[in-house]
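Chemist: Residue numbers (numbering that gives the first Met the number 0), protein chains in the order written: chain A, 0 to 242; chain B, 0 to 344.
Just so you know, the hints here were simulated from the structure itself, not pulled from any lab data. All C-beta atoms, glycine included, are put in the ideal place defined by N, C-alpha and C. Some hints here could point you the wrong way.
Straight-line alpha carbon distances no greater than 27 Å define the calculated DSS-like cross-link-like pairs of lysine-lysine that follow [to be verified]:
| # | chain 1 | residue 1 | chain 2 | residue 2 |
| --- | --- | --- | --- | --- |
| 1 | B | Lys295 | A | Lys75 |
| 2 | B | Lys97 | B | Lys66 |
| 3 | B | Lys66 | B | Lys86 |
| 4 | A | Lys66 | B | Lys295 |
Here's a subset of chain B near chain A, in silico, CB distances under 8 Å, partners left out [stated by the list, open to error]:
| # | residue |
| --- | --- |
| 5 | Leu27 |
| 6 | Thr261 |
| 7 | Gln290 |
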Amino acid sequence: MAATLPPPRLLPSGDSAVTVEFSRTIDDAANERVLALDKALAASPIDGITETVPTYRSLLVHYDPGKIGFDALGEKLLALASQPLPPAARARRWRIPVAYGGEHGIDLEDVAKALNTTPDDIVARHVAGDYRVAMIGFTPGWSYLSGLDKSLHMSRRQSPRLFTPAGTISIGGIQAGIQCLAAPSGWHLLGRTPVRTYQLHRNPTFLTEPGDRVTFFAIDHKTFEEQDRAAEAGEIIAEQVIA
Amino acid sequence: MSRLVIASIGPASSVQDGGRHGAQRYGLTVSGAMDRLSLAAANTLVGNEPFAAVVEIGPFGATFTAKDGAVRVAIAGAPRNADVAGKPVAMDTSVTLKDGEALTLGFARGGAFTYLAIEGGIKGEPVFGSLAVNARAGLGSPYPRPLQAGDEFTVDAASGAPELRIELPKPASGPIRVLLGPQDDEFDDANKALFLDSEWKISATSDRMGYRLEGPAIKHLHGHNIVSDGTVNGSIQVPGNGAPIALMMDRGTSGGYPKIATVITADVGRLAQTSAGTAFRFLEVTMAEAQEEARKFAQLIRNLPDRLRSSDTVELNIEALSDANVAGYAVSAVDAGTWQVTAEP
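Make a model of the complete structure from these sequences and hints.
Modeler: Right under this line is the structure:
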């Protein structure tokens, strides 16, 4: 790896936030730099920064312009972002159970038809994936995953659904997702997980963090019902694998 | 303890405060008051912290009744007719409701949101330091949803402190100031100019999540899909149909449409208080100007206690008030015997 990395772009997001953009596209290398800068800021905070929001390709840095100005902050961020990446820390891995198809994955058959294969084959390809939480956004716990098998890339639905259920496991474009709360979505719904990536009175409230690894495994719909009740009562259900 | 009971209230009314910060990285919406200056002014009038939880009242009327004792409250924000037991109450003042008395607020005359602060604050269970309602995530306390008739707050008994008014600076008029970006390079010069030079109106379908803007269609250079990135209060995104949306306090934490510009911090509340259908323009400012305005805005809020005055120095002349309002003007008391009359923005 080169001693220094090309600088990101600093894009003003108003007077109290700056977007540190490493790439315009979805790109795991850029995402690693986003998360590395986020970690570096957590380890040695810059006075005036109030909150950071990592996304696929950029880090949104909220700050108080009463404490630090755009230029001074930008200089510090660029200096940090040009540092070589630290050796990759061992990522946490979550094994997430999914009830595929039927009422829980109403698009599974259509996806199979569109890709000229069987629902079982779609499940097999989805389960075989090794995913990474690239970002969390939109609604609490909505985890955007990179690492979707290329053969499953397909455009989003023409018209988004206004309601998709809590726990939906879906794919959209080149992304996969774990959705926690019921929300509108234009993605293809493959199944549902009983796992809550966000649950208010549980410790931890938020299960997944950007950078975590994720794999899925299939469960039957009866197991889903049982685990869903346990999850509602506060059980984490997802298995954490210490590699 | 007293109670403050909501006898009636319109839609788009909820408990709000300074917002829920620190968990946008997990997708948790910030929420909070649409107009932070009015939030802080109402709280300051009753001796609360500036960003304490209040009742944010949408454009329709509302009535609050004191029970089991007296309750001291204050109102600020979008102007409306207000009275207690038939006696008018001016905006930007505190008032004590005796046990059984009701504060009745009319429709907002210009603007949208009026803030009712309660002495001693609203009691509830904060999540991430906030009582603000975020209905989609089921958050907010004591009611994790918009308020409705019959809801009530357990509140401190009124202190008996003398009533106050707060002398706020004359509201700025003129264009809503913006900084271009973060994705202004997704638009060519002609479309940036179209955005900055056109007259806009806020659509009636707007809400706390976003204000939809009606005006010319803004075209993208490379299509409307970008890889999702972070949003802020006041981000102006342009979806596929070219009709910009200014993201407000209940915005998603990330979004996948190019953001042509961002409303400066000092003007977000002013945009929030621009009524649907009212024509307005944007004005591009420099980062230095925007940050100076943000610092001044923060200082204004910090120094609000210096603007408190005894309320008995104002004699309300309700006839002059209603005459002017009938003529379509927004009126507020400035000083003893004088009126500030401005055409609604």
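Chemist: Now, for every hint given, state plainly whether the structure supports it.
Modeler: Here is what the structure says about each hint:
1. With a CA separation close to 25 Å, the supplied pair B/Lys295 and A/Lys75 stays within the 27 Å bound.
2. The straight-line distance between the Cα atoms of B/Lys97 and B/Lys66 is roughly 8 Å, inside the 27 Å bound, and the hint therefore holds.
3. Taking the CA atoms of B/Lys66 and B/Lys86, the gap is near 19 Å; set against the 27 Å cutoff, the hint holds.
4. Annotation: proposed proximity of A/Lys66 to B/Lys295 holds, straight-line Cα distance about 13 Å (limit 27 Å).
5. This hint holds: B/Leu27 has a C-beta 5 Å from the nearest C-beta of chain A, less than the 8 Å allowed.
6. Checking B/Thr261 against chain A: minimum C-beta separation of about 3 Å stays under 8 Å; hint holds.
7. With 8 Å as the threshold, the beta carbon of B/Gln290 comes within range of chain A, its nearest partner Cβ sitting at about 4 Å, so the hint holds.
Checked against the numbered hints above, the structure violates none of them.
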